[in-house]
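Novice: Using the sequences and the accompanying hints, generate a full structural model.
2 protein chains.
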Amino acid sequence: MNKTIANPLPVSAVRVTDPFFAPRINVVRGQMLPYQWDALNDRLPGAEPSHSVENFRIAAGLSRGAHHGMVFQDSDLYKWLEAVAYVLAIEPDNALRAHADEAIGIMERAQRQDGYLNTYYQLNGIDRRWTNLQDNHELYCAGHLFEAAVAYYLATQTDKLLRIAVRYADLIDSVFGVDEGKMRGYPGHEVIEMGLVQLYRVTGEARYLKLAKYFIDQRGQSPLYFEEEAKKDNNRKFYWDKTYMRYQYYQAGKPVREQTVAEGHAVRAMYLYAGMADVAMETGDDELLSVCEALFTDIADRQMYITGAIGATEVGESFTYGYDLPNDTVYAETCAQIGLCFFAQRMLRHSADRRYADVLERALYNGVLSGMSLDGTRFFYVNPLEVTPIACEQDDLRRHVKPERQQWYTCSCCPPNLARIVCSAASYAYAAKGDTLYVHLYLGGELKARLDGLDVEMKIESGYPWKGEVRVRAMTAGRYALALRVPGWCRGWSVSINGERADAELDKGYIYLRCDWAAGDEVLLSLEMPVTLVRANPAIREDIGKLAVTRGPLVYCLEEADNGADLHQIALSHDTQFEVRHQPDLLNGVYTLHCSGVRLQSPGFENNALYAPADQALSTTPVPLTWIPYYAWANRGIGEMTVWVKEL
Amino acid sequence: MNKTIANPLPVSAVRVTDPFFAPRINVVRGQMLPYQWDALNDRLPGAEPSHSVENFRIAAGLSRGAHHGMVFQDSDLYKWLEAVAYVLAIEPDNALRAHADEAIGIMERAQRQDGYLNTYYQLNGIDRRWTNLQDNHELYCAGHLFEAAVAYYLATQTDKLLRIAVRYADLIDSVFGVDEGKMRGYPGHEVIEMGLVQLYRVTGEARYLKLAKYFIDQRGQSPLYFEEEAKKDNNRKFYWDKTYMRYQYYQAGKPVREQTVAEGHAVRAMYLYAGMADVAMETGDDELLSVCEALFTDIADRQMYITGAIGATEVGESFTYGYDLPNDTVYAETCAQIGLCFFAQRMLRHSADRRYADVLERALYNGVLSGMSLDGTRFFYVNPLEVTPIACEQDDLRRHVKPERQQWYTCSCCPPNLARIVCSAASYAYAAKGDTLYVHLYLGGELKARLDGLDVEMKIESGYPWKGEVRVRAMTAGRYALALRVPGWCRGWSVSINGERADAELDKGYIYLRCDWAAGDEVLLSLEMPVTLVRANPAIREDIGKLAVTRGPLVYCLEEADNGADLHQIALSHDTQFEVRHQPDLLNGVYTLHCSGVRLQSPGFENNALYAPADQALSTTPVPLTWIPYYAWANRGIGEMTVWVKEL
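Protein chains in written order, with my numbering: chain A, 161 to 808; chain B, 161 to 808.
A few of these clues could be false.
Said to hold, decoys possible - Label pairs and their calculated CB-CB ranges:
no. : chain 1 : residue 1 : chain 2 : residue 2 : range
1   : A       : 251       : B       : 391       : 56 to 64 Å
2   : A       : 784       : B       : 391       : 51 to 59 Å
3   : B       : 769       : A       : 344       : 40 to 48 Å
4   : A       : 421       : B       : 454       : 46 to 54 Å
5   : B       : 222       : A       : 768       : 37 to 45 Å
By construction, these hints were calculated from the structure, which means they are not laboratory data. Cβ coordinates follow ideal geometry from the N, Cα and C atoms, glycine included.
Specialist: Given below as structure tokens:
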């Protein structure tokens, strides 16, 4: 355990009692993971068959047939396994455990003698392996295997999957690197960097950290590996060459230390940056860390939607350029937001600065959770901020935007990714370093942490994200510190210990309470959580003259179901007053917001003219408006939705 | 000559003296057509080689080599020839005439014995002809040949090109039709319908009209010809199948009489609808005419930009759906606007209703003329209403939008199309029917028309589009009628004859003056032409809460050159007062508009935050604004441009 950085609490150290997250974890355990197991086994009626388990069965000699699905189909099963590991870390689940062990048994049989494990190449010709790192996701699948293996080992203390991972990692380490005779390749889709660091942390094997560092530092070096690889492979066609991004689609057009602006495929970028942060922290590489900081700032200050979503364009599922944040043609892949959480969590390990946690919270409670239906069986790939259903159908530039969540996808990266982040939310909420327990997110639970050698127990109760009161009860006596984040959105707060107001100052957005605690001491943090209307930076063309509605960590939206169609005609004054209503029976229990707005009505269009002189002032009709949390949209049928509305 | 419909005056009947159009015709004659001749002969340094003439030379046995360029490369030369014909109809030009005759001579040698003439198939394998009507543009090229041949015959009274056209038309007539043994095909890209009707009008050969009617009525009949054709051709891949449009990309998914909403590729649609109108009028087919009326209404009332541009999406260069008119991702191909002029001109022949002429004028003076640089050597394919140069470069969804006109294109349909419409503008301005001369557009000139057997001469002087005074002088004594359009944008007008105010009522937007004229009688039409702020129908999402600035027939825009960057921050009140300035030295002479607007400035972003609470009211800073005519944008370097601005 690296003592110079804050370590997230393991999932097993927290019993989540949070009234918002606990039911979601239950949905993942009770519905989503069994449902996804059926999907991975091609048992979902009407859904695209995954073939993911079957590919492994064929590779293991347990079944016959050809590989089907994406070239990275293996990773769906790995991500599912990782999510199951988090569930098992929380509490036993015999059915999921049995499914997972069955899958791992198949993987063990499928793994080749030399450690290689990738069903696509095993079933399509092993001699072609390592010939298309650019697009064929071998190292990506390996990375997800490593992450799953570490999680499963930590959850179950069984090492069958870990041994599979280690064998494969050793093979990869023998193949790639700068040493004579090794290939100087690196993955087209990053994630192996994070996976190798995880493997290093659990096994203590320094080669894995070194290999992760190699993959990062070799990336984008001249001559470009992907260019050389394509030449060798019959001058293979390079799709992204046609686009502005070219090799930056893969973040591989120049050395990563020269990359200070987030570019290319957003999920790949997040996985790379998170891996860079991991390697930088583990190796004490301040230069690399400052690159991570610059990239984080570029995203948070110039390329992030108010929902924490990233990836402005469908072309390459990519970033575009600063302040280009269209709401309707947006990509905002669920996995990209999840990747942003990975990146933010790692930056928080390095420095308890709330700007990282603010982004983490914004993404998690909005642009990540919007990716799943309330019942956990339908998923969004794209998370738009403005939807007109007819456009999704009839305008091919917006066909990637769906007005309703889908059962499953041919490329089903997002559903298992959601499962793993929801079940491991505790690791994003809490971290320990020295004598300090960091509370980044107010996820209610009972936790155990080792603080400067002392085993400490604590209870946290919160009505988050609906209420701003958080109670932290120290269950263990002793001297240690609590670091409580005051979110960036909060502009009035107070903290008391055992009912007595404590004087506390913010250090990078955190309150530090370092005390001799008695068992039962209670800290009450009160965060004011009024409805807040928000404007976007005036450099954002799409949002100029518009307002968004937020309350606490949540972004709200208007849906057609509550407010009728033609939401683009709605306008609001910046000093609008809101009523907050708790609606326990709506959308699994939400707080809705209510206000008066207007509909813009241009006079002069009585005869359906397309254009008419603006002789008269715009007229407006008052309308009552109902706002729901953005994450809960599209759970009541197909209709329009918008986050931003015009400012009156 | 069909007496039941109004006949446009031939180009040769009008000597254009118009201060706005005459210089443009001179640019076309003096710069554009010689420049395009160089382009078609691959003599433009730095531009894509066209190979258009060379393809004909090879087919004629005058040169050796392979076909290069688009499958419809022949049509570029045909359109150029047609434009040259209009120039020659206006006045002799020995150099252009020599080039044209040279090209026609090559075509004559290239034409096969059986009449076939298409360099793509002649050079790539004649046995494959007629096997891919869907995408390979054979009948499209033929259609442009017919149009060029008719224009050249009318201009020069030489029939070499007309005979080439007739031979080819006879071949096509022998191949296609419903008779036993004939192919039931029709073109993937329409235009032959218009071309055949032209050929019928000049030759009197009824088979050509019948064939045009066949192509229209067979289109979209079940079983779908293109589907059958693709099956026969090794199940050829059908690109548009992936899109919402499918066969409607070609307007070929259902019979044309069932098509009342404009769909698919906008240029194809316009050419089809214009051809339908031609056939409907020539055959007295009221049902088909009512389909044309419905289609025209759908475009004019639901799918047209304020600049007269059409085609909302780059995907398929197509229409999307009603009121979907994004300003920045728009397609708005120059050829589509030209096609809309064709369609509107034909509807005007059927009925002198100003709504047709309003659309014609709107398109011609705005979205068509914007397609060419002021010097006639640079061209836009896409005519956006809002441009952010960085988006054109870095957002692949907007890469089709260019911030500056290009020299030439691989697919160079637009440049010669511009040449032909500019030079034939007189045919759009004037028409004759019975004893009436229709003046649809106020194009100054001296004209001759035969009205009920009387040869009439007339002089028209106008300062259009800058000034609203139009003088029409009757040079021939006699009883006949003048029909003068009062444009839809005009809300105050008066008319006098020889200085005496005439009482006149509008009939579908036209003033009819039926008198016994004396030679020298002068009609003065005064059209009030104030600056008018315009709103879009509130169903248009992209324009809600915005204003556009117009004056007379012209739409104005803001350019960065005059108003700085970040034009999205500009806002205007609907009762803004404007100053109109004549600037003879700016942009070849324009009237600019000047007013006070504001820049929106959101407080709270001092530290570059992406989002901030809207505690304070939006602040605004007054700024002086300079507006230029939309057609003249992008003649002063690369910068932002917008037509619509926020309404305060």
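Novice: For every hint, state whether the structure bears it out.
Specialist: Results of checking the hints against the structure:
1. 251/A - 391/B: 56 to 64 Å: holds (59 Å)
2. 784/A - 391/B: 51 to 59 Å: holds (57 Å)
3. 769/B - 344/A: 40 to 48 Å: holds (42 Å)
4. 421/A - 454/B: 46 to 54 Å: Holds, since residue 421/A and residue 454/B (Cβ atoms, about 51 Å apart) stay within the stated range.
5. 222/B - 768/A: 37 to 45 Å: Check failed, 57 Å falls outside 37 to 45 Å.
Hint 5 alone, counting from the list given before, is not met by this structure.
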